[in-house]
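Colleague: Please arrange chain B on chain A, whose structure you already have, making use of the hints.
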Amino acid sequence: MKKRQTFRVGKLLCYLTLIIGGIVSILPMTYMLGTSLRPNGALYEYPPRFFPDLDTITIENYIYVLTKEKFYINFLNSIIVSVSTIILAAIISTSLAFCIARFRFPGRNLLFGLVIGTMIIPGTTLIITQFELASFLGVINKLTGLIPFYVAWVIPFSTFMIKGFIENIPREFDQAAYIDGGSVFTVFFNIAIPLASPAIASVSIFNFLTAWEEFQWALTVLNDNAKRTFPIAISGFLGQHQFTQWGYVFAMSVISLIPVILIFILFQKYFITGLTTGGLKG
Amino acid sequence: METKAMKNRIQIFLLLLPGILMFSVFTIYPIVKLFVMSFFSWDLSSMHRQEFIGFQNYAAVLSDEVFLISLVNTLLYTMITVPAQMALGLLVAVLIHSLPRYQISFRVIHYLPVITPWVIASLVFKYIFNTEGMLNYFLYELLHLTNRNIAWLDSRWSGMFVIETLGIWKGVGWNMVIFLAALQGVPEELYEVADLDGCGGIRKFFYVTLPSIKNTILFAMVMLTIGGFNVFTSIKLITDGKPLHQTQTVLTWMYYKAFRNGEFGYTAALSFIVVVALIFLATLQFRIMKNRNEED
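One line per chain: the protein sequences are A and B, in this order. Okay, so the first sequence: first residue is 6 according to the numbering used here, each after it adds one. Okay, so the second sequence: first residue is -3 according to the numbering used here, each after it adds one.
Fair warning: there could be bad hints in the mix.
Label pairs and their computed distance ranges (CB to CB) [what the hints assert, rightly or not]:
#1 A:65 x B:32: 25 to 35 Å
#2 A:124 x B:32: 19 to 29 Å
#3 B:202 x A:274: 23 to 33 Å
#4 A:64 x B:202: 45 to 55 Å
#5 B:47 x A:273: 50 to 60 Å
#6 A:55 x B:279: 39 to 49 Å
#7 A:274 x B:197: 42 to 52 Å
#8 B:142 x A:55: 33 to 43 Å
#9 A:124 x B:55: 48 to 58 Å
#10 B:197 x A:24: 14 to 24 Å
Taking lysine-lysine and the DSS-like style, the derived pairs with C-alpha atoms no more than 25 Å apart in a straight line are [stated by the list, open to error]:
#11 B:29 x A:147
#12 A:73 x A:232
#13 B:286 x B:200
#14 A:16 x B:29
#15 A:147 x A:75
#16 B:200 x B:210
Stretches of chain B that chain A covers, calculated by requiring three or more beta carbons in the stretch to come under 8 Å of a beta carbon on chain A [said to hold, decoys possible]:
#17 21 to 31
#18 59 to 69
#19 81 to 94
#20 112 to 119
#21 147 to 153
#22 185 to 192
Derived by calculation from the structure, the hints in this document are not laboratory data. Glycine included, C-beta positions come from ideal geometry on N, C-alpha and C.
Only chain A is shown next, with the shape it has when bound in the complex (with noise of 0.2 Å):
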């Protein structure tokens, strides 16, 4: 009996602690989305309030940002970064993946080396280098400055993942496709890809999370309010006025989200198998 009442408790405490968890962690999105949708004269009404009173709701903050603002410049400009690094780094790290995982090259061991190293590198400190080979190129203020940056960032991880996969595919299928009369291709594009699909589009959800939200190094490269990805966009709004107009500032960090939160809903099974596969083998 009392074995059972403790039990009880015991659940009770544990579904308690997980919704004060639930609610510190969507409650300062919460806030946001409330300020967001709150007329933009309100902002500073004392005493604060989280949630604005249903009649005074109102999107006129949205649309100040989409149209005087013209915030859908920089959240395109995100898109076709993102979009770009995941497709490139995708090819480039699943080639690499494959190589390293089937064959014995010279150098072999020095790439991976080099892969496992640069990975425990901040991507900052390379920055004034990169700023300088940045300036080479001509690609200053252009996103072109960005993709091939964002792209040599994610190879490591991406690289390092993906070959854990390939690793536990049985070369029976390779050997297959060789006696067959394959040649290497023929395995990397039929065996290699297909099969291991599920780590390069784990790996590519990460890529995009990584691209999307990049902040320094943009920060860095990007001048031309036109070129701006949405972080950039957000954070000079901030500076650019003495008094922050957080109704817009929110606005355009709601209008941001959108896309992560789609791509957590759809893809919600490649986070968990991205978290798990590469890094905690043995």
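Modeller: For chain B alone, kept in the frame of chain A given last:
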């Protein structure tokens, strides 16, 4: 047969080529160049007459007071946020794992902060911790826990507290997911044996669960330490190092020196000190965990 082997070799080379090119040009070359330049005098005024000056840049970094402040801030940030995220993430994971229902809903909700872009999360936290913001309203006007509105962002420790709170808030979900995966891998028989021995829930956690997920703990610790040293966006947007560089971290200070002051040689040396410190910390963590493993 010969031609076929040759063909395959060419194809392997073609597959490797784009990756090696990208990697060499955009990553390896900048690293090497940075390392070389850390031994040269190199700033905006002397762009074109760079002189070899040995370890002077390194000496300048190590004797720089703000660098030491930023290093302490970064180390404290890492030492506070890493264990806190791991403990809370593990707690949430264990609780969710024990649920018969609603596992997915709780997992999704707790993961939302992880996918929120840093820029957005930083701005929301800045708004909440504003002197006239929501948090002060709760603490002062509603709950009377404080006797005035606290200027969170105006001093070193309270400013870093805001940054650390954000770091923990944003990191718990990542830990939850990898710990959940690890918990699913713990063999059920181990718990059954513990049951027979009359172990309670807490003892089972310490004697069965923790030892079984040791590798995951190590993995998380190393990844999060690297992540802790990467703290940049939150500082840049919430405090921007203010007041008086008191809340700089190594990377924000590096960025300031490079793009406000144009001291590139100094920045290069600073970068290498950070990289060496990170490699040292990662190896140290592996060593400690390995020794623990051997003792068991």
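Colleague: Work down the list of hints and note, for each, if the structure agrees.
Modeller: Hints versus structure:
1. Our hint of 25 to 35 Å for residue 65 of chain A and residue 32 of chain B is violated, since their Cβ atoms are close to 54 Å apart.
2. Separated by about 22 Å at the C-beta atoms, residue 124 of chain A and residue 32 of chain B satisfy the suggested range of 19 to 29 Å.
3. The hinted window of 23 to 33 Å between residue 202 of chain B and residue 274 of chain A holds, with their beta carbons roughly 32 Å apart.
4. Checked against the hint of 45 to 55 Å, the pair residue 64 of chain A and residue 202 of chain B passes, with Cβ atoms roughly 53 Å apart.
5. About 56 Å separates the C-beta atoms of residue 47 of chain B and residue 273 of chain A, a value consistent with the hinted range of 50 to 60 Å.
6. Separated by about 47 Å at the C-beta atoms, residue 55 of chain A and residue 279 of chain B satisfy the suggested range of 39 to 49 Å.
7. In this structure the hint that residue 274 of chain A and residue 197 of chain B lie 42 to 52 Å apart at CB is violated, the actual value being about 30 Å.
8. About 19 Å separates the C-beta atoms of residue 142 of chain B and residue 55 of chain A, a value inconsistent with the hinted range of 33 to 43 Å.
9. For the pair residue 124 of chain A and residue 55 of chain B, the supplied restraint of 48 to 58 Å is violated, since their beta-carbon distance comes to about 30 Å.
10. At about 20 Å, the beta-carbon gap between residue 197 of chain B and residue 24 of chain A stays in the expected band of 14 to 24 Å.
11. For the given pair, residue 29 of chain B sits about 23 Å from residue 147 of chain A by alpha-carbon distance, which is consistent with the 25 Å threshold.
12. Of the supplied pair hints, the one linking residue 73 of chain A and residue 232 of chain A holds, its CA atoms being roughly 16 Å apart against a limit of 25 Å.
13. Distance hint between residue 286 of chain B and residue 200 of chain B is fulfilled; the C-alpha atoms sit about 23 Å from each other, no more than 25 Å.
14. Straight-line distance between C-alpha atoms of residue 16 of chain A and residue 29 of chain B comes to about 58 Å, which puts the hinted pair past the 25 Å bound.
15. Between residue 147 of chain A and residue 75 of chain A, the direct Cα distance comes to roughly 18 Å. Compliance with the 25 Å bound is thereby established for this hinted pair.
16. The straight-line distance between the Cα atoms of residue 200 of chain B and residue 210 of chain B is roughly 15 Å, inside the 25 Å bound, and the hint therefore holds.
17. With 9 residues carrying a beta carbon less than 8 Å from a beta carbon of chain A, the region 21 to 31 of chain B meets the three-residue requirement, and the given coverage holds.
18. For a cut-off of 8 Å, the count of residues in the region 59 to 69 of chain B with a CB near a CB of chain A stands at 0, and the three-residue condition is violated.
19. Chain A is given as covering the region 81 to 94 of chain B, and this holds because 6 residues of the stretch bring a CB closer than 8 Å to a CB of that chain, at least three being needed.
20. As drawn, the region 112 to 119 of chain B meets chain A at 7 residues by the rule of a beta-carbon pair under 8 Å; at three or more, the given contact holds.
21. Counting residues of the region 147 to 153 of chain B whose beta carbon lies closer than 8 Å to any beta carbon of chain A gives 0, which falls short of the minimum of three for the stated coverage.
22. As drawn, the region 185 to 192 of chain B meets chain A at 0 residues by the rule of a beta-carbon pair under 8 Å; below three, the given contact is violated.
In this structure, the earlier hints numbered 1, 7, 8, 9, 14, 18, 21, 22 are contradicted, and the remaining ones agree with it.
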